[in-house]
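**Student:** One letter stands for each residue in the lines below.
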Amino acid sequence: MPADRAYVAVADGEPLPADGPVIVSLKRFQAERDLLLARGEKLGLRLDASESPEQIGADVHKLALIVLHVPYFRDGRAYSWARLLRTRLGYKGEIRVSGHVLRDQVAFFARVGVDSFDLPRPVSEGDVAAVQAEISQVYQHSVDGRETIWDLRARRRQPPAS
Amino acid sequence: MMPQVLTANRLSVGEVVYWNAAKGWVRHLHEAEVLADDKAEDVLKGAGVRSVQERQVVGVYLFEVRVKDGSIVPVKTRETIRAAGPSARRDLGKQAD
Amino acid sequence: MYRYDEFDALFVRERAEQFRGQVARRLAGELTEDEFKPLRLMNGLYLQLHSYMLRIAIPYGTLSARQLRKLGYIARKYDRGYGHFTTRQNLQLHWSQLPQVPDMLVDLAEVEMHCLQTSGNCVRNISADHFAGAADDEIEDPRILSEILRQWSTLHPEFSFLPRKFKIAVSGSAADRAAIMVHDIGIQIVRNNQGETGYRVFVGGGLGRTPFIGHEVGSFVAKADILAFVEAIMRVYNESGRRDNIHKARIKILVHQIGADEMRKRVEREFEEIRQSGALQLPEQEMQRIAAYFRPPDFEGLSHISPEFEHAQKTDVAFANWVKTNVHPHRMPGYAIATISLKPIGQTPGDCSSDQMEALADLMDEFGQPEIRVTHEQNLVLPHLRKRDLFALWRKLDALELGTANHGLVTDIISCPGLDYCDLANARSINIAQEIARRFADLQRQHDLGELKIKISGCINACGHHHVGHIGILGVDRKGVENYQILLGGSGAEDASLGEILGPGFDSEGIADAVENVVATYTQLRHGGERLLDTYRRVGPAPFKERLYAR
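Residue numbers (this note's numbering), protein chains in the order written: chain C, 1 to 162; chain E, 1 to 97; chain P, 1 to 551.
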């Protein structure tokens, strides 16, 4: 999914712009839900590391963008939140990771369903591909549905039906 | 506060080194520069930080020493061991040089 | 044992090249130490007191002769000609140099080895019973599941940045030789009333600053479900484990805080979802493919009694002593398991030289031994020896200083590297182990004392497993001076218990005396063939306190 860079992040207490897509905090969304949804624009929501996407509730599908904030690269909750969004919650919108992330982590994020990044140094699809290419196969299934080494082994055992 | 010595590990080979403004990073404690307590912080923030940026060393810090009969003696056991090598293997480390 | 296919082999080769690139970027200044540190830790590279230390993964402690020989070669070529076997069945080399580590990884990859995830906040080396495949009480070889978990947890996209490190151990029998009760996840292979094999799963065990025994969260998890169940536990931990305080970040703290029942509930919830999603976590075929590698070797049909073995014991007292402690029953007649002690009196516990590693590899070839194991008590095990070969083998081991007849005895001490090597340590541990061993060196006295596990850690991180020592010793820094606390009554076996601190600590001069006093109290109070552990459990700390402190 291509990243939509038109969003404006609006801090709590700051007035919303007249138009255009915005990103607000979970707290603000919970407080001003109706108003935000009535704007008729795409809506983004930012989750802090401690905020599970389950807290969004049934409205999650009304969000075009969810930003998972990573305060420090060691905080690995966002990987689980992205996975949760894609699987249990069936979220189809854009998932973006912001904050403090190391280059080598972008490949992991891509595997668990993250579409884009908002980091001090921009990360392109080419960057993600470059990191993923360093280790060309994976052992475990994830959101990306990539064929695993176990799948490749199974495939090799069954010759293709002619 | 007591006199201090600036120490680190060489980035590449990992060995323990000590700072001496005249000689740079030296291998043996007896060659280190003893820093008076008011000067030590400056050296840490100056030469210490610069050396990290220049990728010579990692893990720069100061430790306390006493000077006894002209010898530099660390206050902490940990630094005595860093200076000499493992006490369990006297044939290894700087003590075997 | 498991053999890499081309996928596994490519994986570790690519990993070595990836690290080469990361090292080059570090040395060129494109990565700061803060950015590089997590990358080198995920390849087991620490910066210790004297040098870099490389921790090489030995999955479930199993090595082939070829691998052991290569480890000896790598230790000689790149390090100082020796390595240290750890309480997690890994090997540490203490004198590594950063620019050479990529080459070391390439050399390791050539023999199907790596340093993946031996550090970092990820799933670490999966440890397992060192008697796997040989013990007569084994239900199933625990290394099959261990290998499955190893692959599944390698560079897992969701679980590579956990709140803290994560340690899993697997046991294949009721007897716990893998210390599963003090691991983040401990798995015991069990059989149900229908005769099906499944898994009993414990969560939240661990040592360190706040030790805990694990709680059962699954009494019988079916084989097909075990990966989903483990994934469920990991997810609950990744989402809810504490991130604000490094000392409260292990899963044991989470279990303690929310309670075992709540933990079980959360795990069940995740587990159900994974199961329902139908994601085929553990293909039956893959399980079978891996299991095939752990089929036992072709055993000869031998009789129970080996005349050569019996005769040698009668005529060679030293050999008989070795048999008494270091030789264990094998499930096949005519075979035996032998423990090779890495605790010669006065040496560093767990250390092994390159010469010894290479000589051992030769012995493995000579005696037809496909595998050797590393134990979590820092010894080595040859699992499938013919009884008739034991005497000849032992004589050669003895000549290599590998024949010490002290397995499980008071001089079979477990000790972390401590302040002699480790950046985290507060006190030295090796010298304490050596002094205690020297005091108790007399073999007759050792036999009289029976099974007595002393475990020493140089700091609260407890790499020496002191919490589960019959006598545990914790080194601390007391106002700049090394000081040693004694704990009594710990056990890492199926009767798991955490040691209790006896009282104020002792200095380097006094700790060996204190241990002698503890032992003296035991010998005075013991009933029948009680071990010190049993006596302590029966009489409690009071008599020991009195002997050590009432003055």
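One or more of the hints may lead you astray.
Unchecked claim - Using 30 Å as the maximum straight-line C-alpha spacing, the simulated BS3-like pairs for lysine-lysine come out as follows: (1) Lys265/P to Lys94/E; (2) Lys23/E to Lys479/P; (3) Lys45/E to Lys77/P; (4) Lys27/C to Lys479/P; (5) Lys76/E to Lys37/P; (6) Lys265/P to Lys23/E; (7) Lys23/E to Lys39/E.
These are calculated hints, taken from the structure and not from any lab test. On a predicted model such as this, the values are computed, not experimentally measured, just so you know.
**Student:** Give a verdict on every hint.
**Tutor:** Hints, one by one, checked against the model:
1. Lys265/P to Lys94/E: violated (56 Å)
2. Lys23/E to Lys479/P: violated (34 Å)
3. Lys45/E to Lys77/P: Violated, because 38 Å separates the two Cα atoms, which is more than 30 Å.
4. Lys27/C to Lys479/P: With Cα atoms ~48 Å apart, lysine 27/C and lysine 479/P exceed 30 Å; violated.
5. Lys76/E to Lys37/P: Measuring from Cα to Cα gives roughly 26 Å; hence the hint holds.
6. Lys265/P to Lys23/E: violated (64 Å)
7. Lys23/E to Lys39/E: holds (18 Å)
Checked against the numbered hints above, the structure violates hints 1, 2, 3, 4 and 6; every other hint is satisfied.
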